[in-house]
Amino acid sequence: MPGKIAVKFYALLRQRLGMSAIEVDADGLTILELLRRVEKQAGRSFLDDLLDPEHLLLAGTIILVNGENVRLKQGLGTPLRGGDTVDLFSPAGGG
Amino acid sequence: MNGWMGKIIKIDLGSGRQEALPVSPETRRRFLGGRGLGVKLYTDLCPDPLDPFAAENALIFMTGPLTGTVMTSGRYQVISRSPLTGTICDSSSGGSFGAVLKAAGLDGLVITGRADRPVYLHVHDGGVEVRDASTMWGLNTQQTQKAIHGQTPAKTSVACIGPAGENLVPFAAIMNDRDRAAGRGGMGAVMGSKNLKAVAASGNRAVVIADPEAYQAMNARLDRAVDKNPVTGKSLQVLGTSVLVNVINAHGMFPTRNFRSGVFNDAEGISGEKIAESLLQRQSACYKCPIGCGRTTRTANRNGEGPEYESVWAFGAHLGVSDLSAITEANYACNELGLDTITMGSTIGCAMELHESGALAEKMLWGDAGRLAGWVADTAYRRAFGAELALGSKRLAAKYGRPELAMQVKGMEIPAYDPRGAQGMALSYATSSRGGCHMRGYMIMPEILGHPVFLDRFSTAGKPEIVALFQDIAAIVDSAVLCRFLQFAMGISTFSEMLRAVTGLDFSDEELLTAGRRICTLERLFNNRAGFTRADDTLPPRFLQEELQAGSSRHRRVRLDEMLDKYYSVRGWDAQGVPLAATLTELGL
Ligand code: SF4
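From first to last, the protein sequence lines are chains A and B. At position 46 of the first sequence (counting the first as 1) the number is 46 in our numbering, and the numbers step up by one without a gap. If you want our numbering, it's the 1-based position in the second sequence plus 95.
Treat the hints as calculated values from the structure; they're not laboratory data. Since the model is a prediction, treat every value here as computed from it, not as a measurement. Errors might be hidden in some of the hints.
[Said to hold, decoys possible] Result set (DSSO-like, lysine-lysine): computed pairs, CA atoms no more than 30 Å apart in a straight line:
{"no.": "1", "chain 1": "B", "residue 1": "241", "chain 2": "B", "residue 2": "105"}
{"no.": "2", "chain 1": "B", "residue 1": "329", "chain 2": "B", "residue 2": "241"}
{"no.": "3", "chain 1": "B", "residue 1": "369", "chain 2": "B", "residue 2": "323"}
{"no.": "4", "chain 1": "A", "residue 1": "40", "chain 2": "A", "residue 2": "73"}
{"no.": "5", "chain 1": "A", "residue 1": "40", "chain 2": "B", "residue 2": "458"}
{"no.": "6", "chain 1": "B", "residue 1": "369", "chain 2": "A", "residue 2": "40"}
{"no.": "7", "chain 1": "B", "residue 1": "383", "chain 2": "B", "residue 2": "323"}
{"no.": "8", "chain 1": "B", "residue 1": "369", "chain 2": "B", "residue 2": "383"}
{"no.": "9", "chain 1": "B", "residue 1": "241", "chain 2": "B", "residue 2": "383"}
{"no.": "10", "chain 1": "A", "residue 1": "8", "chain 2": "B", "residue 2": "661"}
{"no.": "11", "chain 1": "A", "residue 1": "73", "chain 2": "A", "residue 2": "8"}
{"no.": "12", "chain 1": "A", "residue 1": "8", "chain 2": "B", "residue 2": "323"}
{"no.": "13", "chain 1": "A", "residue 1": "73", "chain 2": "B", "residue 2": "329"}
{"no.": "14", "chain 1": "B", "residue 1": "102", "chain 2": "A", "residue 2": "40"}
{"no.": "15", "chain 1": "B", "residue 1": "329", "chain 2": "A", "residue 2": "8"}
{"no.": "16", "chain 1": "A", "residue 1": "4", "chain 2": "A", "residue 2": "73"}
{"no.": "17", "chain 1": "A", "residue 1": "73", "chain 2": "B", "residue 2": "241"}
{"no.": "18", "chain 1": "B", "residue 1": "323", "chain 2": "B", "residue 2": "102"}
{"no.": "19", "chain 1": "A", "residue 1": "40", "chain 2": "A", "residue 2": "4"}
{"no.": "20", "chain 1": "A", "residue 1": "73", "chain 2": "B", "residue 2": "383"}
{"no.": "21", "chain 1": "B", "residue 1": "102", "chain 2": "A", "residue 2": "4"}
[What the hints assert, rightly or not] Here are a few chain B residues that sit away from chain A, every Cβ distance over 10 Å (derived from the structure):
{"no.": "22", "residue": "247"}
{"no.": "23", "residue": "325"}
{"no.": "24", "residue": "327"}
{"no.": "25", "residue": "361"}
{"no.": "26", "residue": "371"}
{"no.": "27", "residue": "579"}
We put the beta carbon where it would ideally sit given N, CA and C, even for glycine.
Let's have the full structure, built from the sequences with the hints guiding it.
This is how it looks when you write it as structure tokens:
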């Protein structure tokens, strides 16, 4: 649907939210605004899994917009458009 | 002596003669222990490359100055020439065997010769006893450990081989503490060639700490740092290493069907998240490890350890298999029979593509989950088509006239990150001293996971310098010896602090980085003598010529030509990849 953004949750974030995906009406919002809206819509807070108290991305947090890391775009200020897919990974590692 | 136990024994299995191998304080300081000191002793003893299965070839079990002290220090390294690659090789394993070897009084054990019948070694009270293992030949790794536990004191730790090592499969692993593996490069086959079924260690000697007060304060601080870090304090515990399945798949670089795609549609079904809600019984941890990334699991039929990320991939996406139970049981079979899961899975995938392309008649079909465990067993016993799989992918693909279908570097199969998705990782694969391995310089950390800084994965700028740095740091951690996952929570200055507190020597970060460079260069010198040149520092043509077609790495290929010259010059090697005389002088080699 135009205007809708598919948001997927991975790693510990998924356990915390108890769901693996959500659809949000977020055309024109930035990533940070999207995250706040998702918190509201999901009824649970989770920003501290991804961001530090100053609202900067934690080392290891991965946010992809259509597969591209927002750190290579405008970070939390990256604008979104309807039809985008956003992948949210709380810090994860392995080898 | 602080840190080190001060004793390394060399034993000749042919004559049974053993002697203490003197190592000067200066050599210890310059090569630390583990991988570094092991490679140093190995190349001194066997300067001219030998057939890995020759009786004279040395096989070295080595611990480091930190083994048995700080967190994650139960590990050990095994060093020899690899029968899979022909390069110098060291293989690392967790559990507690390293710490127990030191408690038995030794820093390391150098083994040469061939016993005239199966034996195992029991290390205790600072000495080595040769014991008969005739009745254990043929047993799997768990049965072997049980049999040895029946003959040795409580809390003995055993590192052993299974049938694959006995049958000289060139990617046979050494297994210890039930399911911990020194997996890569076929160190288990070198053991088998010596008629050596196991090394057991027991004892309770303590490692002497130079500065106990600083040591205690540091440990308390590091415990907090590991606990506070979201990766070491939480993600690895709850989700294990397989949390990477979804991460790497979302980056379009999760190797699927022998690296023909970077996107596996069933990734969710084999992910760490899925394992946690289905097969997982509990987490497990190595000696003194607060992280505990291990998985104790259960399928409908069996229980055991794992699978870890690499194994989930090797028997999963790589083969087009999404049956998590079948993947897990193939992993159990590798543990029991003593095989490296990465090379095993990758070789099966190579055979599947050979079959599909018409080069191989044997019916090897993508997604054939039901036959996985059978192929593993046939490989370990070299029976039926397993005799061909036991070649490893490079020799198998060459035999069937399609060498380009083996996804390997220098004969070692590339693990679960398509190099087209991360240029630094690609360079690291191409230049690693033991072939296609991710552990020599884990560029996924900065390029995908953003530790300790985030780097653009598709850029080649600055990558040669960073790859060399990551390789040097890896060499230090492998020589200290600690678990590499600590690197998510701490950096080089913490490692030097640990070494200072334990050994009392005034190690600086700089001195350690030079040691790392020295170790990598010493390995390079050996590989040069073994015939490896610039031409071998490359990747299969698939990665250099074919672009990925789907996912977020689509239209990407590896641009090695933009990085290799620079890498050599950063390393102080000439244009052919041979260390310059000035570099050797600077490093004291
Ligand atoms: S993090 Fe995992 S591999 Fe490393 S020491 Fe701990 S349990 Fe072992």
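Now the hints, each set against the structure:
About 27 Å separates the Cα atoms of residue 241/B and residue 105/B, which keeps this hinted pair within 30 Å; it holds. With a C-alpha separation of about 33 Å, the suggested pairing of residue 329/B with residue 241/B is violated against the 30 Å cut-off. With a C-alpha separation of about 25 Å, the suggested pairing of residue 369/B with residue 323/B holds against the 30 Å cut-off. Proposed proximity of residue 40/A and residue 73/A is supported: the alpha carbons are some 25 Å apart, at most 30 Å.
For a cut-off of 30 Å, the pair hint linking residue 40/A to residue 458/B is broken: about 54 Å separates their Cα positions. With a CA separation close to 26 Å, the supplied pair residue 369/B and residue 40/A stays within the 30 Å bound. With a C-alpha separation of about 17 Å, the suggested pair residue 383/B and residue 323/B falls inside the 30 Å cut-off, and the hint holds. Under the criterion of a C-alpha separation no larger than 30 Å, the hint pairing residue 369/B with residue 383/B is consistent with the structure, at around 28 Å.
Among the hinted pairs, residue 241/B with residue 383/B is consistent with the structure: their alpha-carbon atoms are about 23 Å apart, no more than 30 Å. Distance restraint check for residue 8/A and residue 661/B: the Cα-Cα separation of roughly 40 Å exceeds the 30 Å cut-off, and the hinted pair is therefore not satisfied. Our distance criterion of 30 Å between C-alpha atoms is met by residue 73/A and residue 8/A, whose separation comes to about 19 Å. Straight-line distance between C-alpha atoms of residue 8/A and residue 323/B comes to about 25 Å, which keeps the hinted pair within the 30 Å bound.
About 28 Å separates the Cα atoms of residue 73/A and residue 329/B, which keeps this hinted pair within 30 Å; it holds. At most 30 Å may separate the alpha-carbon atoms for a hinted pair to count; residue 102/B and residue 40/A exceed this at roughly 63 Å. Only pairs whose Cα atoms come within 30 Å are accepted, and residue 329/B paired with residue 8/A is accepted, the gap being roughly 20 Å. Among the hinted pairs, residue 4/A with residue 73/A is consistent with the structure: their alpha-carbon atoms are about 21 Å apart, no more than 30 Å.
For the proposed pair residue 73/A and residue 241/B, the alpha carbon gap of about 56 Å is over 30 Å, so the pair is violated. Between the alpha carbons of residue 323/B and residue 102/B the distance comes to roughly 38 Å, so the proposed pair goes past 30 Å and is violated. For the given pair, residue 40/A sits about 16 Å from residue 4/A by alpha-carbon distance, which is consistent with the 30 Å threshold. Between residue 73/A and residue 383/B the CA atoms are separated by roughly 41 Å; this puts the pair beyond 30 Å, and the hint is violated.
The straight-line distance between the Cα atoms of residue 102/B and residue 4/A is roughly 67 Å, outside the 30 Å bound, and the hint therefore fails. Every CB of chain A is more than 10 Å from the CB of residue 247/B (nearest about 32 Å), matching its label as outside the interface. Remark: the non-interface label on residue 325/B conflicts with the geometry, its nearest Cβ contact in chain A lying 4 Å away (cut-off 10 Å). Distance to chain A contradicts residue 327/B as a non-interface residue, since its nearest Cβ pair spans about 8 Å, not more than 10 Å.
Its beta-carbon lying about 15 Å from the closest one in chain A, residue 361/B satisfies the requirement of being farther than 10 Å from that chain. Residue placement check: residue 371/B does not keep its beta carbon more than 10 Å from all beta carbons of chain A (closest about 8 Å). Look at residue 579/B: its CB is around 6 Å from the nearest CB on chain A, not clear of 10 Å, so calling it non-interface is violated.
Hint compliance for this structure: hints 2, 5, 10, 14, 17, 18, 20, 21, 23, 24, 26 and 27 are not met, and every other hint is.
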